[in-house]
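Asks: Spelled out from the first residue to the last, the chains are:
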Amino acid sequence: MASTFYGIPMEVGLTPYLIVAAIVFMFGVINVSTRRNAIGILLGVELMLNAANINFVAFAHYVAGGVNGQVFAIFVITLAAAEAAIALAIVMAIFNHYQTIEVDDVSTMKE
Amino acid sequence: MPPDTATAAHVAGHIAQLPSVAVEFGLLYLIPLLPAIGAVINATLGLKIQNKLGKNAVHTIALAGPIAAFVIAVMAFLKVAANDEIFLIQRMWTWIGSVPVFKGATLTLDFTFAIDRLGAVMLLVVSGVGSLVHVFSTGYMKDERPYWRFFAGMNLFMAMMLILVMGDSFLLMFVGWEGVGLCSWLLIGYYYEDIEKAEAAMKAFVVNRIGDFAFVAGLLALFWGMGEAYTHYKAAGGAASGPAHTLVFRELAALVADPKYTEELLKLQLGPFNLVTLSTVMFFGGAAGKSAQIPLYVWLPDAMAGPTPVSALIHAATMVTAGVYMVARLNFLYALSPVAMTVVATVGAVTALFAATIGFFQTDIKKVLAYSTVSQLGYMFIGVGVGAYAAGIFHLMTHAFFKACLFLGSGAVIASMHHRQDMKDMGGLAKHIPWTYRTFFISTLAIAGVPGLAGFFSKDEILWKAFDNGNTLIPGWFIWGLGAVAAGFTAFYMFRLTWQIFSGEYRGGGPEAHGHDAHGDHGHHGGAPLPEDWRMSLPLIILAFLALAGGYVGVPSALGGNDGFHHFLAPTMAASEPHVQWLANGNDGHGSGLHSHMGEYVMMAISVLIAGLGILLATKLYYKRYRSPDEEKAMFGLKLWTVLYNKYFVDEGYFRFVIHPFVRMCRVAGRFDNLVIDGVVNLAGFLMKILAWISGAIDRHFVDGAVLAAGDLIRASGSQIRRIQTGRIQNYVLGVMAGSMALILVVILMQ
Numbered sequence: 001m002a003s004t005f006y007g008i009p010m011e012v013g014l015t016p017y018l019i020v021a022a023i024v025f026m027f028g029v030i031n032v033s034t035r036r037n038a039i040g041i042l043l044g045v046e047l048m049l050n051a052a053n054i055n056f057v058a059f060a061h062y063v064a065g066g067v068n069g070q071v072f073a074i075f076v077i078t079l080a081a082a083e084a085a086i087a088l089a090i091v092m093a094i095f096n097h098y099q100t101i102e103v104d105d106v107s108t109m110k111e
Numbered sequence: 112m113p114p115d116t117a118t119a120a121h122v123a124g125h126i127a128q129l130p131s132v133a134v135e136f137g138l139l140y141l142i143p144l145l146p147a148i149g150a151v152i153n154a155t156l157g158l159k160i161q162n163k164l165g166k167n168a169v170h171t172i173a174l175a176g177p178i179a180a181f182v183i184a185v186m187a188f189l190k191v192a193a194n195d196e197i198f199l200i201q202r203m204w205t206w207i208g209s210v211p212v213f214k215g216a217t218l219t220l221d222f223t224f225a226i227d228r229l230g231a232v233m234l235l236v237v238s239g240v241g242s243l244v245h246v247f248s249t250g251y252m253k254d255e256r257p258y259w260r261f262f263a264g265m266n267l268f269m270a271m272m273l274i275l276v277m278g279d280s281f282l283l284m285f286v287g288w289e290g291v292g293l294c295s296w297l298l299i300g301y302y303y304e305d306i307e308k309a310e311a312a313m314k315a316f317v318v319n320r321i322g323d324f325a326f327v328a329g330l331l332a333l334f335w336g337m338g339e340a341y342t343h344y345k346a347a348g349g350a351a352s353g354p355a356h357t358l359v360f361r362e363l364a365a366l367v368a369d370p371k372y373t374e375e376l377l378k379l380q381l382g383p384f385n386l387v388t389l390s391t392v393m394f395f396g397g398a399a400g401k402s403a404q405i406p407l408y409v410w411l412p413d414a415m416a417g418p419t420p421v422s423a424l425i426h427a428a429t430m431v432t433a434g435v436y437m438v439a440r441l442n443f444l445y446a447l448s449p450v451a452m453t454v455v456a457t458v459g460a461v462t463a464l465f466a467a468t469i470g471f472f473q474t475d476i477k478k479v480l481a482y483s484t485v486s487q488l489g490y491m492f493i494g495v496g497v498g499a500y501a502a503g504i505f506h507l508m509t510h511a512f513f514k515a516c517l518f519l520g521s522g523a524v525i526a527s528m529h530h531r532q533d534m535k536d537m538g539g540l541a542k543h544i545p546w547t548y549r550t551f552f553i554s555t556l557a558i559a560g561v562p563g564l565a566g567f568f569s570k571d572e573i574l575w576k577a578f579d580n581g582n583t584l585i586p587g588w589f590i591w592g593l594g595a596v597a598a599g600f601t602a603f604y605m606f607r608l609t610w611q612i613f614s615g616e617y618r619g620g621g622p623e624a625h626g627h628d629a630h631g632d633h634g635h636h637g638g639a640p641l642p643e644d645w646r647m648s649l650p651l652i653i654l655a656f657l658a659l660a661g662g663y664v665g666v667p668s669a670l671g672g673n674d675g676f677h678h679f680l681a682p683t684m685a686a687s688e689p690h691v692q693w694l695a696n697g698n699d700g701h702g703s704g705l706h707s708h709m710g711e712y713v714m715m716a717i718s719v720l721i722a723g724l725g726i727l728l729a730t731k732l733y734y735k736r737y738r739s740p741d742e743e744k745a746m747f748g749l750k751l752w753t754v755l756y757n758k759y760f761v762d763e764g765y766f767r768f769v770i771h772p773f774v775r776m777c778r779v780a781g782r783f784d785n786l787v788i789d790g791v792v793n794l795a796g797f798l799m800k801i802l803a804w805i806s807g808a809i810d811r812h813f814v815d816g817a818v819l820a821a822g823d824l825i826r827a828s829g830s831q832i833r834r835i836q837t838g839r840i841q842n843y844v845l846g847v848m849a850g851s852m853a854l855i856l857v858v859i860l861m862q
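These protein sequence lines map, in sequence, to chains A and B.
Using the numbering used here, you'd call the opening residue of the first sequence number 1 and step up by one each time.
Using the numbering used here, you'd call the opening residue of the second sequence number 112 and step up by one each time.
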């Protein structure tokens, strides 16, 4: 089980994966909550989705077994692609309408 | 009368039985339907037909129905005349299906037409005289604008009268009974622009309603009694099956024919009265309204406001005889109650005399005939009252002939006189309208009871039976006396009328005479009499022939005849026969040999003598000699003249003692209504108003206040809360983050 590669253990265990995922997720959150650019926000959302993917795969491998986690990860990637397509279309529409994609300037629903 | 003697008294040795064999006759429904179709066509399309196709088209439609009905009636008549055991029947549909009545019993009634011999005679009279009157009307009414309306009414009348005759139950007869009342109203009020004539129509209708109320009340009483009697009858071991409650005449007749049932029926009391007596007297109340007997006769003279053919058909020949027909139809009930028989016969006799006297000094020729009709109807009620039902119907038939002839004759006179009706304008018309004169004279002889004519046979039959009867509580000779005196009076006023119209010189004046025209806007003002119109003469001649010859169907055995009419109707009167008593000649008035007829000859001679005196007196006073009302006042005494001319002030009396008190009562009730009832209602309204104001105030201040406060609160809080909605996506993301952090914190702290 504990195979090494040039003395470096190949099996790092669950925790490093979770740490990486948490870091990526935090990047995503910070990105979403600080960026004013719509495309930047979308990038942040993609980061958060992929952080979740890492978690899925890691938990599937170390805890649950089977391939459910991997299948979910593929679903999420597909979903993210669809979401990106729709969101970019909306961004295009907003841009056509307001000549900007700064979300602060697109706030006509308020009042 | 012991039963063996009664049986022996039958000359023919044949005891009448109720007709028991029902024969389906599929054309019966056409008899009322055909005139009804004519009525519907003329009532709905008549004006258009008259304008586009002319009056000929209107009366062609109107004549077709009654004449076709007459043809079918003849067929029906021949069928029942051929066999005395059958009656014709046609069941149309179930009219009332198993309706629960008293004590769990049910009533089922079919809409059925039935014709026995009594109905067949009535059918022939109604459709025959009706058709002749229709023909006459095509001449008499030719200048009327609403020609179609007249014929629509006449046809509807024919339909209703035929339903009345053919209906086999109380209910169906009542449909016809009310229908003819409606048509009477329509046709008396034909000239409805004239308020007096419209009022005459109302009077006829209202007076008839009083009678009809009695009729319906009597029927309810009888209906109740049927159930009671049937229960007791069954308890006593009665054999008859079938429903307890029946409205069908022949079923009731069959029940009453069972002595056990009759016994139970006669035991019933309703309050202090015997049920049979009470209900038959109530029925007679209806008959008195329809057939113009005391005290409800007052509408008939006023009904002369209608066109003359209407008077002839409805108010002389047919509708007013419906009461007589009804009593004859219910002979099996009347024969059970001596009190009811006495009431019917006495009212008839008194009416006959009373109305005859009013006829003395009337100057309007139609009024004379109207009182004559009331008087003759009185004779018919004597007949059916004393138990001589066939004699009553016989007089009904002959009266229909000669009185229709007289009325149509008076119509021809009126038409010839440019619609004037007062005899002061007439005189000498025999030269101008000879056929009218001849027919009128024949009919006058008939009604006066001159031997050999129709009226003689029927009237003397009635008078003899009245004398001979052992049923009424007052002696027969008293009723006979009233009738015989009335016969003399009849002869007197009828000959007065005839001579005043036809003899002497014409008094109507030339074209310059003006102003006495009943129809001021009619275009005619006096002038020479107009010649006759064959359309009017033809029916007169036919009716005069019937008045001449119609009596020979019922020549009494005392005069060598065979009492044909009596025997013809005997089966329909079979149920009453055991209860009717005759004094002299056995149970149905037939003896043999001269001896048993002596009384009859004497009575006949006396009544002919009295009638002859009346004729002689009238001829002496009035032949070729006009006597104005002033002259008559001097001759007969002012008091007598005034009382008779004003009809004993009965109308005035009714106004004073019935109508005015009633109107006053209405006014008092009205004031009571205004002051007390309305006061209470207004007070209640006022209280409600106050209550409503209080309730409104509560609503405005408390309920509305609460609702508004809730609204205000929500709006105020909303304006605060909506500040959270910044529209900045980063704020929301921060919120999401903060929320999830808090949740995680909670989860961790909870462990």
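Since the hints were derived computationally from the structure, they do not count as laboratory data.
Incorrect hints may have been included.
[Stated by the list, open to error] Estimated spans, in silico, between C-beta atoms of each pair: (1) B:Met852 / A:Ile86: 27 to 35 angstroms; (2) A:Arg36 / B:Arg834: 17 to 25 angstroms; (3) B:Ser828 / A:Leu18: 42 to 50 angstroms.
[What the hints assert, rightly or not] Just some of the chain B residues that point at chain A, by a computed CB distance under 7 angstroms: (4) Met714; (5) Leu751; (6) Gln841.
All C-beta atoms, glycine included, are put in the ideal place defined by N, C-alpha and C.
Asks: With reference to the structure, classify each hint as holding or not holding.
Replies: Quick rundown of the hints versus the structure:
1. B:Met852 / A:Ile86: 27 to 35 angstroms: Cβ of methionine 852 (chain B) to Cβ of isoleucine 86 (chain A): about 29 angstroms, so the range 27 to 35 angstroms holds.
2. A:Arg36 / B:Arg834: 17 to 25 angstroms: holds, 21 angstroms
3. B:Ser828 / A:Leu18: 42 to 50 angstroms: 44 angstroms Cβ-Cβ, so the 42 to 50 angstroms window holds.
4. Met714: Hint violated; methionine 714 (chain B) Cβ to chain A Cβ min 120 angstroms, cut 7 angstroms.
5. Leu751: violated, 112 angstroms
6. Gln841: holds, 5 angstroms
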